[in-house]
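As they're listed, the protein sequences go chains A and B.
Residue numbers for the first sequence follow the numbering used here, so the first one is 155 and each next one is one higher.
Residue numbers for the second sequence follow the numbering used here, so the first one is 155 and each next one is one higher.
Bear in mind the hints are in silico, worked out from the structure with no lab data behind them.
Treat the hints with caution; some may be incorrect.
Heads up, simulated BS3-like pairs for lysine-lysine below, C-alpha to C-alpha not over 30 Å straight-line [said to hold, decoys possible]:
1. A:K410 - B:K485
2. B:K211 - A:K296
3. B:K211 - A:K211
4. B:K410 - A:K296
5. A:K211 - B:K326
6. B:K321 - A:K410
None of these values were measured; they are calculated from a predicted model.
There are 2 protein chains.
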Amino acid sequence: MQNKQLLLAKRPVGMPEKDTWKMETSPIPEPEEGEVLIRQHYISLDPAMRGWMNDAKSYIPPIGIGEVMRAGSVGEVVKSNNHPQYKVGDYLSGWGGVQQYVVTDGKGYFKVDPNLAPLPLYIGTLGMPGMTAYFGILEVGKIREDETVLVSGAAGAVGSIVGQIAKIKGCKVVGIAGGPEKCKYLIDQLGFDGAIDYKNEDVRAGLKRTLPEGIDVYFDNVGGEILDTALSKIRMNARIVICGAISQYNNTTPVKGPSNYLSLLVNRGTMQGMIVFDYADRYMEAAQQMGQWLMEGKLKSKEDIHEGIENFYETFQRLFTGDKMGKLILKVLED
Amino acid sequence: MQNKQLLLAKRPVGMPEKDTWKMETSPIPEPEEGEVLIRQHYISLDPAMRGWMNDAKSYIPPIGIGEVMRAGSVGEVVKSNNHPQYKVGDYLSGWGGVQQYVVTDGKGYFKVDPNLAPLPLYIGTLGMPGMTAYFGILEVGKIREDETVLVSGAAGAVGSIVGQIAKIKGCKVVGIAGGPEKCKYLIDQLGFDGAIDYKNEDVRAGLKRTLPEGIDVYFDNVGGEILDTALSKIRMNARIVICGAISQYNNTTPVKGPSNYLSLLVNRGTMQGMIVFDYADRYMEAAQQMGQWLMEGKLKSKEDIHEGIENFYETFQRLFTGDKMGKLILKVLED
Numbered sequence: 155m156q157n158k159q160l161l162l163a164k165r166p167v168g169m170p171e172k173d174t175w176k177m178e179t180s181p182i183p184e185p186e187e188g189e190v191l192i193r194q195h196y197i198s199l200d201p202a203m204r205g206w207m208n209d210a211k212s213y214i215p216p217i218g219i220g221e222v223m224r225a226g227s228v229g230e231v232v233k234s235n236n237h238p239q240y241k242v243g244d245y246l247s248g249w250g251g252v253q254q255y256v257v258t259d260g261k262g263y264f265k266v267d268p269n270l271a272p273l274p275l276y277i278g279t280l281g282m283p284g285m286t287a288y289f290g291i292l293e294v295g296k297i298r299e300d301e302t303v304l305v306s307g308a309a310g311a312v313g314s315i316v317g318q319i320a321k322i323k324g325c326k327v328v329g330i331a332g333g334p335e336k337c338k339y340l341i342d343q344l345g346f347d348g349a350i351d352y353k354n355e356d357v358r359a360g361l362k363r364t365l366p367e368g369i370d371v372y373f374d375n376v377g378g379e380i381l382d383t384a385l386s387k388i389r390m391n392a393r394i395v396i397c398g399a400i401s402q403y404n405n406t407t408p409v410k411g412p413s414n415y416l417s418l419l420v421n422r423g424t425m426q427g428m429i430v431f432d433y434a435d436r437y438m439e440a441a442q443q444m445g446q447w448l449m450e451g452k453l454k455s456k457e458d459i460h461e462g463i464e465n466f467y468e469t470f471q472r473l474f475t476g477d478k479m480g481k482l483i484l485k486v487l488e489d
Numbered sequence: 155m156q157n158k159q160l161l162l163a164k165r166p167v168g169m170p171e172k173d174t175w176k177m178e179t180s181p182i183p184e185p186e187e188g189e190v191l192i193r194q195h196y197i198s199l200d201p202a203m204r205g206w207m208n209d210a211k212s213y214i215p216p217i218g219i220g221e222v223m224r225a226g227s228v229g230e231v232v233k234s235n236n237h238p239q240y241k242v243g244d245y246l247s248g249w250g251g252v253q254q255y256v257v258t259d260g261k262g263y264f265k266v267d268p269n270l271a272p273l274p275l276y277i278g279t280l281g282m283p284g285m286t287a288y289f290g291i292l293e294v295g296k297i298r299e300d301e302t303v304l305v306s307g308a309a310g311a312v313g314s315i316v317g318q319i320a321k322i323k324g325c326k327v328v329g330i331a332g333g334p335e336k337c338k339y340l341i342d343q344l345g346f347d348g349a350i351d352y353k354n355e356d357v358r359a360g361l362k363r364t365l366p367e368g369i370d371v372y373f374d375n376v377g378g379e380i381l382d383t384a385l386s387k388i389r390m391n392a393r394i395v396i397c398g399a400i401s402q403y404n405n406t407t408p409v410k411g412p413s414n415y416l417s418l419l420v421n422r423g424t425m426q427g428m429i430v431f432d433y434a435d436r437y438m439e440a441a442q443q444m445g446q447w448l449m450e451g452k453l454k455s456k457e458d459i460h461e462g463i464e465n466f467y468e469t470f471q472r473l474f475t476g477d478k479m480g481k482l483i484l485k486v487l488e489d
C-alpha cells in the first residue's frame, strides 16, 4: 500500500490546468509519538481552494509549491502512536489535504460520528460549507422574519444551506443558480420562493419577477455582474454578505468592483466580508442546530460525490463550470 | 426690494455648466397664515447638491426643473403671519435654497442663536456637515481609542471635523487632501498625525509612509481610486464609512466600483453607507457636544465664505476643483 498525494506543482494563471498539480506516490507515513495516521475517505472541493493557490496575502498563507494541495477531509484513524485523545477506529475531520493518508498531531481535527450522519456530511453541511452558511446568514446577514433574502450560488454547498436556513427563519428566499435543473431543485426540493436561472434569464429581470419589493439581505458567493445587479435592488438598511466571488477567482484581469456600491449610501446598506474560521469556537453550537434541522427534515443536504484521487482535476473544474449539484466531494479511499 | 432666486434650468451631464441654472428676480413673497418670511444670510454649498440634480431615485427626490436650487441656509425671520413658534428677529436654519428670501411654515427649520456662534457655523460645523461627521465617524465608523483613522476630503467641511473628532477620541488620524497648503493645515492647525497630498504624492506610497500599520477606519468622501487604495490597506475588522464619492459625481461613464472590495472578505471588513438625515432625532445631542468642543478649542472650524448670489456658479465649481479651504458658503444677503 502506498500514499497517493496531489502536490501543487506551480501557481496557476487564470483557470488552473492539469499540470498545476502533480501526483506523487510515496510510502504511507508513520505517526510519531503523540500522532495518528488517518486513512482518508473523502476530501472536500471548495471554490476557496482557488484563492489558496495564489501567492498573495490572504486570510491563510498560500499553499507552497511542492506542498500537498490543501483541502478539508474526513477519514478514519488507522494507527495511533500514543495520541492522548484519538484512537484507532475514530473518525476525524480536518485539513487532511488531497492525499489518501495523513499523519497529524490532531490539531485542527475534530471527531465525528459516522452513525449519526454519513461521513460526507461532515465536510459538507455539518462541515465548513454548512458553518459558513450558518454564521454568514445569521451573524453577518442578521436575517429577521419576513425579510427578503437573495442568495447566489444557490444550488451550491453554501448557498443551498443559506437559503434553507433563511426559510426556517421565516424569510422570503430567492436563489440564483445556473440552469433549469438547479432552479427547479431550489423550488421543488428546498422550498425556495423563487429562482433565477442566470444562464438563461437576465438577472435584473429575474429580480423584478421574483423580488419586486427589493432585497433585505444578499448573500454573495459569486461577485461580478450579479453583485452589481443585486446592489441596485437593495432595500433600506440592507446587508450584503461577501462570502466569495467565484466569478472572479480565475480572472487574469483585475477583479470587477461593484459599480453600484453607492447604493449602500443611498440605502444605508452594509457590505461585510466573512471568513468562517472566525466562528470556530461556535462550530459545535451550529453543528448541533444543523443536525437537528437535518433530522427534522427541515434541512436537506445534497452531496455530489466523485471517485478517485486521479480524478481530482476533472472534479475541481466542476466548481467553476457549475457542472455539479450540491456539495462537491471526492472519494479518495481505495478498497 | 426683490427676491433673487436661482432655479434649476436643466439636468446637467457631467460637470454642470453655467446654463444649468438661471437667475430669476421676483417680488418678495408674503407669508400666509402660520408662515414666516426669512431673509437669508448664508447658503451652504455641498457636494451632495450635485446628486440632487440627477433624475434618479435616491435618498431624497431630485430637484425639479424650474424649482429653486436646493441648499441648506440660515437667515433671519423678517415677517411672521401668526407663526405659532417663530417671531420676527429669530434666526432659523433649514432648507431655504439658493435664494434671498424664503417663505416657510417652519417645518425642517430650527432656531439658532447668533450670540452663541457665528451664523455660518450653523450650516457648517454645527449644521449638516458637522452632523454628518459626528454620526458618521462615531456611529458608523465606531472608532475606538488607539485605532487608526484615514479620512479623504480631509480639509473639507465634513472631513476636517471627522479627523478632529477622531483625534479627540484618541485615534491616530491621517488625512488625504489636495495640495501642500491643505496638508499643512491638517497637521499644523488641526493636529492630524499625517497628511497625504493626493495631487503630488502616490496615495499608496503615502499610506505606507503615514499608516504602515494599516487602516482601522476609513471615512470616504471621494470614492474612485482612493477608495480602492484604502481597501487594499485595511486591517482586520476594519470599517469603511461611505459618506460620499465626489470623484464620481460628475462622471459621464459608469461609477468606478472598488476592485479591491474582496479585501472586505479577507479582512472581515465592513463597508457601510450613511445619510445624516437618519440621525435627525439626535442632532441636538451632537450640536451640544460639538459646541462644547468648539468652546474648549478642541475643535476648529474653518469657513470659506464667498459673496453674492450671482456668484453661485463660480463658487459651486470650487466644490469639485478643490479650490477652497474648509466649509464652502455663499453669502446671499445684500445690504
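Comparing the hints with the structure gives:
Restraint check: the Cα-Cα separation between A:K410 and B:K485 comes to about 44 Å, which exceeds 30 Å; the hinted pair is violated. Proximity of B:K211 to A:K296 is assessed by CA-CA distance (about 26 Å); at most 30 Å being required, the pair is judged to hold. Distance restraint check for B:K211 and A:K211: the Cα-Cα separation of roughly 39 Å exceeds the 30 Å cut-off, and the hinted pair is therefore not satisfied. For the hint pairing B:K410 with A:K296, the CA-to-CA distance comes to about 29 Å; that is within 30 Å, so the pair holds.
Note on A:K211 and B:K326: the hinted pairing holds, with a Cα-Cα distance of about 25 Å set against a maximum of 30 Å. Note on B:K321 and A:K410: the hinted pairing is violated, with a Cα-Cα distance of about 35 Å set against a maximum of 30 Å.
Going through the hint list in order, the structure does not satisfy hints 1, 3, 6.
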